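Trainee: Assemble the whole structure, with the sequences as input and the hints as a guide.
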Amino acid sequence: MRPVLRAEGLRHRRGGFALEVGSLEVHPGEVLAVLGPSGSGKTTLLRLLADLLPPEEGRVEGGFRVYLPQSPPLLRRSVLENAAFGLRLHGVPKGEAHRRAKAMLERVGLGPRAHQAAHTLSGGEAVRLALARTLLVDPEVLLLDEPTASLDPSHVARVEDLLREAAREGRGVVLATHDLFQARRLAGRVLFLLQGQVVELADAPSFFQRPKDPRSRAFLEGRLF
Amino acid sequence: MEAAELWEITLRSLWVAGAATFLAALPAVPLGLWLALRGGGGLWGRVLLYAGMALPSVVVGLFLYLLLSRSGPLGFLGLLYTPYAMVLAEAVLAFPLIASFVLSGARGRVEEVRLLVRSLGGKEAQVLPTLFGESRRTLAAALAAGFGGAISEVGAATLVGGDIRHHTRVLTTAIVVETRKGELEAALALGMVLLGVALLVTALLVLLERE
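So the protein lines, in turn, are chains A and B.
Using full-length UniProt numbering, the letters of the first sequence map in sequence onto residues 1 to 225.
Using full-length UniProt numbering, the letters of the second sequence map in sequence onto residues 1 to 211.
Listing some non-contacts, in silico: residues in chain A with all C-beta distances to chain B over 12 Å:
| # | residue |
| --- | --- |
| 1 | Ala18 |
| 2 | Gly22 |
| 3 | Gly29 |
| 4 | Glu57 |
| 5 | Gly124 |
| 6 | Glu125 |
| 7 | Phe181 |
| 8 | Gln182 |
| 9 | Arg189 |
| 10 | Leu220 |
Simulated restraints, written as ranges between beta carbons of each label pair:
| # | chain 1 | residue 1 | chain 2 | residue 2 | range |
| --- | --- | --- | --- | --- | --- |
| 11 | A | Gly111 | B | Gly191 | 52 to 60 Å |
| 12 | B | Glu2 | A | Pro112 | 57 to 65 Å |
| 13 | B | Val47 | A | Gly111 | 48 to 56 Å |
| 14 | B | Trp44 | A | Asp51 | 26 to 34 Å |
| 15 | A | Ser154 | B | Val206 | 34 to 42 Å |
| 16 | A | Arg76 | B | Leu200 | 23 to 31 Å |
| 17 | A | Asp161 | B | Trp15 | 53 to 61 Å |
| 18 | A | Arg99 | B | Trp44 | 46 to 54 Å |
| 19 | A | Asp161 | B | Trp44 | 49 to 57 Å |
| 20 | B | Lys123 | A | Ser23 | 27 to 35 Å |
| 21 | A | Gly16 | B | Ala51 | 32 to 40 Å |
| 22 | A | Arg185 | B | Ala51 | 56 to 64 Å |
| 23 | B | Leu200 | A | Leu52 | 45 to 53 Å |
| 24 | B | Glu111 | A | Arg185 | 30 to 38 Å |
FYI, nobody ran anything at the bench for these hints, they're computed from the structure.
Just so you know, these numbers come straight off a predicted model, no measurement behind them.
Every residue, glycine too, gets a C-beta built ideally from N, C-alpha and C.
Mentor: Set out below in structure tokens:
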């Protein structure tokens with residue numbers, strides 16, 4: 001199957017920190033979890049894959065991809081206008097954008113809140129709104145930076161359902177997360193980063209049950225921070 | 001002073017200051033946003049802009065007088081001692097105020113807005129209009145500051161307007177005239193009207209910002 005995202009020989013340096021990723025492919029319908037302690041380069045990798053950072057070396061190619069930061073910025077507008085914003089950026093007329101945004105808000109459970117100010121939403125609702133806005137522009141690849149980091153379990157479950165749906169629709173999902181349980185629940189493959197280096201890229205079951213690298217084992221056992 | 005003349009002076013003050021604010025905002029708002037997008041315009045850019053807020057109004061008035069006087073390079077326009085010359089002078093003074101307010105307000109939102117636009121596949125050129133839409137509160141504050149600066153201005157307005165009764169007299173210049181004549185009650189009344197007008201326009205802008 002043709003990958004929706006392919007990165008080759010990526011290298012990015014900032015100050016004393018360097019991120020290096022040899023070869024990476026993401027296929028349609030796949031969820032790839034990016035794991036690693038804080039400062040391991042997860043966000044940098046996602047931003048490189050999203051073309052938000054220029055790599056010093058290497059290249060990223062693939063389909064239309066969008067990036068959802070850990071604290072998704074919301075515009076000082078209504079929930080509906082926030083949801084429709086991506087479509088408007090891509091030239092969809094206002095009426096059509098709002099119609100599609102309304103339908104998507106219903107899908108993510110925010111329909112009744114369409115006309116209230118976005119800044120009045122709770123953290124979990126804000127993430128669902130940002131996810132709705134992201135899905136509306138119909139990306140082939142979703143690059144998500146710890147989307148459930150500060151959410152309560154009920155919101156985490158709803159966001160995870162949306163991610164499963166996105167993958168079922170054939171999108172590639174790259175999910176940076178600190179939550180090992182979430183990675184187990186969602187991911188088909190895992191990429192484990194440590195100090196900017198790929199320690200392991202493996203199928204999720206083998207990574208969690210039989211990690212090859214001692215550093216992966218230490219991380220899974222909570223001995224690596 | 002007759003009530004009719006008070007109305008005339010008040011309305012003239014409003015339109016001169018309003019037109020000056022509008023004229024200054026046309027280049028000042030895009031400049032403030034553009035500088036915010038470019039990381040604030042650098043230290044010297046900001047120093048220049050902020051220094052502009054302290055421009056002595058009589059110096060601005062003097063320069064404009066030299067430009068607009070019959071023997072000056074723009075003398076052929078015949079603008080000296082007209083309300084249009086006062087609009088120009090007040091616009092020059094309001095310009096750095098508005099641009100600085102827009103710059104300070106928008107700077108804090110630039111990275112967030114840029115990340116939002118770019119992360120959804122938008123182009124860099126779409127960041128500026130988005131930032132403009134997000135800076136409504138800043139714009140209201142900037143316009144209020146510009147209008148406040150313009151309507152309370154007296155030095156440049158006197159130099160290029162000449163304080164001609166029924167022609168270029170505005171609230172600030174009328175206060176000076178009445179005080180010089182010893183008509184302190186009239187001067188105080190005009191001062192109250194000026195304060196009321198400034199308060200009313202600012203309140204309107206704040207209400208607009210909340211809408």
